[in-house]
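Peer 1: Residues per chain, in single letters:
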Amino acid sequence: MAQMTMIQAITDALRVELKNDENVVLFGEDVGKNGGVFRATEGLQDEFGEDRVFDTPLAESGIGGLAIGLATQGFRPVPEIQFFGFVYEVMDSISGQMARLRYRSGNTVNMPITLRSPFGGGVHTPEMHADSLEGLMAQQPGLKVVIPSNPYDAKGLLISAIRDNDPVIYLEHMKLYRSFRDEVPEEEYTVELGKANVKREGTDITLIAYGAMVQASMKAAEELEKNGVSAEVIDLRTIAPLDVETIVASVKKTGRAVVVQEAQRVAGIASQIVAEIQERAILHLEAPVLRVTAPDTVYSFPQAEEVWLPNHKDIVNKANEAINY
Amino acid sequence: MLKRKEEVRFLKRTNEKFAEQFPTFQILNEEGKVVNEEKMPKLSDDEFKDLMTRMVYTRILDQRSIALNRQGRLGFYAPTAGQEASQLGSHFALEKDDYLLPGYRDVPQLIWHGLPLYKAFLWSRGHFAGGQMPEGVHAMVPQIIIGAQYVQAAGVALGMKKRGEKRVAVTYTGDGGTSQGDFYEGMNFAGAFDAPAIFIAQNNRFAISTPVEKQTKAETLAQKAVAAGIEGIQVDGMDVLAVYVATKEARERAINGEGPTFIETLTYRYGPHTMAGDDPTRYRTKDLDDEWEQKDPLVRFRKFLEDKGIWSEEEENEVIERAKEEIKAAIKEADGIPKQKVTDLIGNMYETLPQNLQEQMEEYKAKESK
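So the sequences go chain by chain: A and B.
Numbering of the first sequence is given in our numbering, commencing with residue 1 and proceeding in unit increments.
Numbering of the second sequence is given in our numbering, commencing with residue 1001 and proceeding in unit increments.
Simulated from the structure, these hints should not be mistaken for lab results.
The calculated lysine-lysine pairs, modelled on DSSO-like cross-linking and capped at a C-alpha distance of 27 Å, are: (1) B:K1049 x B:K1039; (2) A:K33 x B:K1162; (3) A:K19 x B:K1162.
Coverage of chain B stretches by chain A, computed from C-beta distances (three or more under 8 Å per stretch; other residues unrestricted): (4) 1138–1148; (5) 1187–1200.
Bear in mind the structure is a predicted one, so any value in this text is a computation, not a measurement.
Beta carbons are placed, not taken as given, at the ideal position from N, Cα and C, and that holds for glycine.
Using the sequences and the hints given, assemble the complete structure.
Peer 2: Below is the structure:
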């Protein structure tokens, strides 16, 4: 097995699927010759040719439309939106078009599109680059939304996403791209979409997170352990559809939960999870289900970014609040 | 450096030059006389008659659709009378394997492309079966979001190019649509990829109520092709032969790898924007309506066919009667299709139902069984 960063695992998954299926095409701004601004598509144009891996003009709506059109011709498009903060420019293609075509065509048209995009805070990007906008996507019926937290999952989830016949929004947290390495098998494998992963077993409280907040939650769990609190950590991996079964089973066992998201608080994924828990497990709860999120502002300028972003200390504090309720 | 005042004058002159550069292409004048012998298409008498048949049939379909809508027997409907030459002349230049991306007013092209009439009625009524294209009918469900079909057409065309197929993607919008960002993005993408696409804007002069003069400072819409570096042409959209030839030539260029074309057709919709309460008397004068009815595509082409001695009142009446009968039968067929249920909708969201929809499916099955 090889040691890979998350970005290497993503490139590897793209290579596997380009090899497996001649209908897979990769495109976006600077993904061809340049290999993407983060090098996610590094070397792929050389290996598979300009017909399969290519640059587009600079227009996100055009990229979305191109993906839909190619999908009608039997391709399996993997467009890249350079930064997910630019998603507003392609919202109609995503929410108005690809998410609805299965229904609008009476289940006769597949939209096997995997739209990849980097997002997430902590790397001091300019404005409009780092926002956590996954909630906008999760609210749109017809889409699946996948957010890996580590290199192993990143490869397996991306391969599953590309093989899926419905549109998948695949979001790559920039801070995770090169922050650590994992054992990643060189052969192909899949990680099932819509299935959460219990990263750490525990008995006193459940920490539910996704993306970069999984690491923060694991770190929080270690600290809690020192004070004799046994925390279970769930990595959602897919936020739409949610793996409600895994979440509820864990909370029934621990009786307490803290839901962690990097996004702002209002109308987020965490709110949805809190609602699911109270509807399905209220009599098992020893304390209110609490949330750790960013404040309800627009994304911070870089100078205040570190405080704005939730961290493992916030999670520890919130977990103690639930324990001592 | 130019002084500011001169600079402004220079830009204005440039714009005027564009108007000269995009003269209105015409083959038949308003009297049905050939004014452009050189461009006269080599169609057989049967093909000429087929074109007329399609226009007459579609005019009747429009009249019947408006009546059915008023009786509450159709849903959403955007009237088409006045635009038959633009819609059907362009479609007549296409092949069965070409891919159509229509706007919501472009249901006639879909029908002539192979969408059964009863399905068009189901689409109007808001039934998912209206979007199910039969095997071998290559088309997108009519677009609601103005301009979105343009960016998709670039993708369809690029797909055809990658497959090495001799097919084209053809999409339609109106004059209002040319103000959208997607309008330019679609043409620019197709141009950059040299993809076999034909972009058509039916300039019927009004986007609901807003006149084309308020859409843009550009004197023609056709000149908007220049910015994308693709072919552009302005066509008399009431002249079915001119529209046919312009589209046919665009198709030839596209399949020969010469890239996309943008076609502006000058036309007019006689009726309201849609049947959902629009009142054109609020924004159009009777004089303008009369002026455009003088250019009517059916009247003009009928004169041409009669001069050739290949069309008669009896033949036209036969088409009208056939249209009426087929429309009646299609409505009956549409009436026979069970109404769409919420459980149909739930079942059509994903290839496999996720947990939340599985639960909601059970909930709505129970509701619907009551």
